[in-house]
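Undergrad: Single-letter residue listing:
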Amino acid sequence: MKKRIIIAFIIIYIAVFFISFSIGRFPIGPVELIKILLSRILPINADWTPQAESVVFNIRLPRILASSLIGAALSLSGLIFQTIFRNPMVSPDVLGASAGAGFGASLAILLGLSSLGISAVSFIAGLAAVSIVWLIGKTVKGNQVLGLVLGGIMVSSIFQSATSFVKLVADTDNQLPAITYFLMGSLAGAGTEELKIIILPIVLSSAVMILLSWRIDILSLSEEEAMSLGINTSAIRGIAIVAASLMTASAVAVSGVIGWVGLVIPHITRMIAGTEARVTFPSSMLLGAAFLTAVDTISRTISTSEIPIGILTSFIGAPFFLYLIIREGRRA
Amino acid sequence: MTISAENISFSYSKEKILDDISFTLPSSSLTALLGRNGAGKSTLMRIMMGFLKPDSGRILIDNQSLDELKPKERALKIAYIPQFSPIAYPHTVRNLVLMGRAPSLPLFAKPGKKDEEIADKVLSDLGISHLSSRPIDEISGGERQLAIIARALVQDAGILLLDEPASSLDYGNQLKVLETLSTLKDKGYTLLFTTHSPDQALMASTSLMLMDENGKIEMTDKEHLEEERLSRLYGRKLHISRIFTGRNERMTCVPE
Chain R
1 MKKRIIIAFI
11 IIYIAVFFIS
21 FSIGRFPIGP
31 VELIKILLSR
41 ILPINADWTP
51 QAESVVFNIR
61 LPRILASSLI
71 GAALSLSGLI
81 FQTIFRNPMV
91 SPDVLGASAG
101 AGFGASLAIL
111 LGLSSLGISA
121 VSFIAGLAAV
131 SIVWLIGKTV
141 KGNQVLGLVL
151 GGIMVSSIFQ
161 SATSFVKLVA
171 DTDNQLPAIT
181 YFLMGSLAGA
191 GTEELKIIIL
201 PIVLSSAVMI
211 LLSWRIDILS
221 LSEEEAMSLG
231 INTSAIRGIA
241 IVAASLMTAS
251 AVAVSGVIGW
261 VGLVIPHITR
271 MIAGTEARVT
281 FPSSMLLGAA
291 FLTAVDTISR
301 TISTSEIPIG
311 ILTSFIGAPF
321 FLYLIIREGR
331 RA
Chain P
1 MTISAENISF
11 SYSKEKILDD
21 ISFTLPSSSL
31 TALLGRNGAG
41 KSTLMRIMMG
51 FLKPDSGRIL
61 IDNQSLDELK
71 PKERALKIAY
81 IPQFSPIAYP
91 HTVRNLVLMG
101 RAPSLPLFAK
111 PGKKDEEIAD
121 KVLSDLGISH
131 LSSRPIDEIS
141 GGERQLAIIA
151 RALVQDAGIL
161 LLDEPASSLD
171 YGNQLKVLET
181 LSTLKDKGYT
191 LLFTTHSPDQ
201 ALMASTSLML
211 MDENGKIEMT
221 DKEHLEEERL
231 SRLYGRKLHI
241 SRIFTGRNER
251 MTCVPE
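Heads up: the sequence lines are chains R and P, in that order.
If you count by the working numbering, then the first sequence holds residues 1 to 332, one letter each, in order.
If you count by the working numbering, then the second sequence holds residues 1 to 256, one letter each, in order.
Hints were generated in silico from the structure; no laboratory data involved.
All values reported here derive from a predicted model rather than from experimental measurement.
Among the hints, erroneous ones may be present.
[Claimed, not checked] Here are the simulated SDA-like pairs of lysine to any residue, each with C-alpha atoms no more than 25 angstroms apart in a straight line:
1. 167/R / 132/R
2. 110/P / 267/R
3. 167/R / 307/R
4. 70/P / 234/R
5. 138/R / 55/P
6. 72/P / 29/R
7. 70/P / 224/R
8. 176/P / 29/P
9. 53/P / 167/R
10. 113/P / 35/R
11. 72/P / 6/P
12. 35/R / 57/R
13. 110/P / 211/R
14. 3/R / 72/P
15. 121/P / 179/P
16. 70/P / 3/R
17. 16/P / 50/P
18. 53/P / 171/R
19. 72/P / 267/R
20. 3/R / 53/P
21. 110/P / 138/R
22. 16/P / 216/P
23. 2/R / 179/P
24. 138/R / 11/P
25. 3/R / 179/P
26. 2/R / 134/P
27. 53/P / 144/R
28. 2/R / 90/P
29. 196/R / 136/R
30. 72/P / 2/R
31. 53/P / 223/R
32. 2/R / 104/P
33. 14/P / 140/R
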């Protein structure tokens, strides 16, 4: 049963992967795609145009990898935060990772840095924001979770104000639109170089989280229950917070703020796969990857000029969440 | 397994909650901890779990100090059933019970076939096998309490501390939980539970621990409990009467 759910999610993801390749201004069919991809490791006669190869390796593959990685990272970090804070309404940016990374990106654009520079500064600022929140949480006595969440709200607010200030002083012809566009959330700038920065933190963090998934699940019990089961709650929670924040900051550094994915996908995952973390962790990653890749395909093909994906995820995510609330209300 | 307290004192800011408390709970014992609201019953349990550090004194488990035990080692000796188990996510009964295997497994391990067999055995011993795939928020309060007791048993700890295990249950379920505790006592477990009902204490336990307002405790076995002592505890004149049910003698507490 558990395995079947995960296999179903893998099939969904693979389907979305191939469909996404075949849609766009330069469509590439699944057979041609597999041949082009394999040609890098196997000696296959090139019966495709160099143009097709260039589209696959330089444009579409980095982009689909980016949407997959970022979708998986945001969904898993949302699920982790929801589990360890015992609150299904929590999203991946609860500890200020998005606000910090958004500020970093704005600052980098203001300073005229390259796209790679923007990702790097954004990533560092995202981690800095989470570290400040972490320090605040440590100084709060008693309810540490509450201290962290309140700290997250305050630090986010400060970084958002700082972003507003950057926008205020930015040049209105070039920088301000660039900042605004970045903050809307888009994968248009995701290239191989940007992927290189984020692939390691995301893959490592998610691997550690999947290894620890069962223990993280135990944190969803009350603090004293988890402690009574011999769990070192502060250590496990600490590792989970670091991993989830690394993933969020990585995602925002490349794509800007893409909302709702990290809130809605964990909910859908739980609806389908239940509550067991060893099933939900990989499932939410696969579903998040499939979802963001599908939405990104829409965002780059729906009109002649690309629509920032953050706008689409909000248009899809918010009404869906509303539906969940109404459904819960009816059940209760 | 034996758990004992040696000269435990504890205060919140300046208020003295526990004042130089010492006692020993032997194997195969079921002790009820009675005291008024705020007397410090839950505090004592938290100290016995190592969640709170006493100002002075120490807790010994089989003559080994609690402080010397790592969290995992402690969890293999003492299990704790808190007063409220808030449900953030509706795990199935079986998954919840399996969590009791945590102290027995290495950091990155997940429960395997052997752990599942242990969980299923305990579920069947407690007569709740039929609930194993039900979400914990869809079963009754009594069933949930039994599931949490099952988790404590799966944990394989010899000492069970239960904070008001039967307080929010209907009468039938109270009896069921208390009888389960009594069975566990017969199997050799060391059990301590808090309750606000002297009747629950008189029905299930072998001994009573009375905690007064001044942070002192007094232990007595059930047969020697004096009416005057119980009356003083609650500030009301109380009588202890013995009723023969036809099969056995029961003790109950009635106000004047």
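Undergrad: Would you mind marking each hint as holding or not holding in the structure?
TA: Hints and how they fare:
Distance restraint check for residue 167/R and residue 132/R: the Cα-Cα separation of roughly 23 angstroms lies within the 25 angstroms cut-off, and the hinted pair is therefore satisfied. For the hint pairing residue 110/P with residue 267/R, the CA-to-CA distance comes to about 23 angstroms; that is within 25 angstroms, so the pair holds. With a C-alpha separation of about 21 angstroms, the suggested pairing of residue 167/R with residue 307/R holds against the 25 angstroms cut-off. A C-alpha spacing of about 14 angstroms is found between residue 70/P and residue 234/R, which places the hinted pair at or below 25 angstroms, so the restraint holds.
Pair hint residue 138/R plus residue 55/P holds up; C-alpha atoms about 23 angstroms apart against a cutoff of 25 angstroms. Of the supplied pair hints, the one linking residue 72/P and residue 29/R is violated, its CA atoms being roughly 55 angstroms apart against a limit of 25 angstroms. Our distance criterion of 25 angstroms between C-alpha atoms is met by residue 70/P and residue 224/R, whose separation comes to about 16 angstroms. Restraint check: the Cα-Cα separation between residue 176/P and residue 29/P comes to about 18 angstroms, which is no more than 25 angstroms; the hinted pair holds.
Proposed proximity of residue 53/P and residue 167/R is contradicted: the alpha carbons are some 51 angstroms apart, above 25 angstroms. For the hint linking residue 113/P to residue 35/R, the alpha-carbon distance of about 42 angstroms lies beyond 25 angstroms, and the restraint is violated. As the CA atoms of residue 72/P and residue 6/P are separated by approximately 23 angstroms, the hinted pair is consistent with the 25 angstroms bound. Distance check on the hinted pair: residue 35/R and residue 57/R sit about 12 angstroms apart at the alpha-carbon level, within 25 angstroms; holds.
At roughly 9 angstroms between alpha-carbon atoms, residue 110/P and residue 211/R fall within 25 angstroms of each other, so this suggested pair holds. A hinted pair counts as satisfied when its Cα atoms are at most 25 angstroms apart, and residue 3/R with residue 72/P does not qualify at roughly 30 angstroms. For the given pair, residue 121/P sits about 19 angstroms from residue 179/P by alpha-carbon distance, which is consistent with the 25 angstroms threshold. For the hint linking residue 70/P to residue 3/R, the alpha-carbon distance of about 35 angstroms lies beyond 25 angstroms, and the restraint is violated.
As the CA atoms of residue 16/P and residue 50/P are separated by approximately 19 angstroms, the hinted pair is consistent with the 25 angstroms bound. About 58 angstroms separates the Cα atoms of residue 53/P and residue 171/R, which puts this hinted pair outside 25 angstroms; it is violated. Our distance criterion of 25 angstroms between C-alpha atoms is broken by residue 72/P and residue 267/R, whose separation comes to about 32 angstroms. For the hint pairing residue 3/R with residue 53/P, the CA-to-CA distance comes to about 44 angstroms; that exceeds 25 angstroms, so the pair is violated.
Taken as a hint, the residue 110/P and residue 138/R pair is broken in the structure, with Cα atoms around 30 angstroms apart against an allowance of 25 angstroms. Restraint check for residue 16/P and residue 216/P: satisfied, since their Cα atoms lie roughly 10 angstroms apart, inside the 25 angstroms limit. This hinted pair does not check out: residue 2/R and residue 179/P have alpha carbons roughly 36 angstroms apart, beyond 25 angstroms. Simply put, residue 138/R and residue 11/P have alpha-carbon atoms about 23 angstroms apart, close enough for the 25 angstroms limit, and the pair holds.
Distance hint between residue 3/R and residue 179/P is unfulfilled; the C-alpha atoms sit about 40 angstroms from each other, more than 25 angstroms. For a cut-off of 25 angstroms, the pair hint linking residue 2/R to residue 134/P stands: about 16 angstroms separates their Cα positions. Between residue 53/P and residue 144/R, the direct Cα distance comes to roughly 18 angstroms. Compliance with the 25 angstroms bound is thereby established for this hinted pair. Under the criterion of a C-alpha separation no larger than 25 angstroms, the hint pairing residue 2/R with residue 90/P is consistent with the structure, at around 17 angstroms.
A C-alpha spacing of about 32 angstroms is found between residue 196/R and residue 136/R, which places the hinted pair above 25 angstroms, so the restraint is violated. As the CA atoms of residue 72/P and residue 2/R are separated by approximately 28 angstroms, the hinted pair breaks the 25 angstroms bound. Distance check on the hinted pair: residue 53/P and residue 223/R sit about 16 angstroms apart at the alpha-carbon level, within 25 angstroms; holds. Between residue 2/R and residue 104/P the CA atoms are separated by roughly 23 angstroms; this keeps the pair inside 25 angstroms, and the hint holds.
Pair hint residue 14/P plus residue 140/R holds up; C-alpha atoms about 21 angstroms apart against a cutoff of 25 angstroms.
Of the numbered hints listed earlier, those contradicted by the structure are 6, 9, 10, 14, 16, 18, 19, 20, 21, 23, 25, 29, 30.
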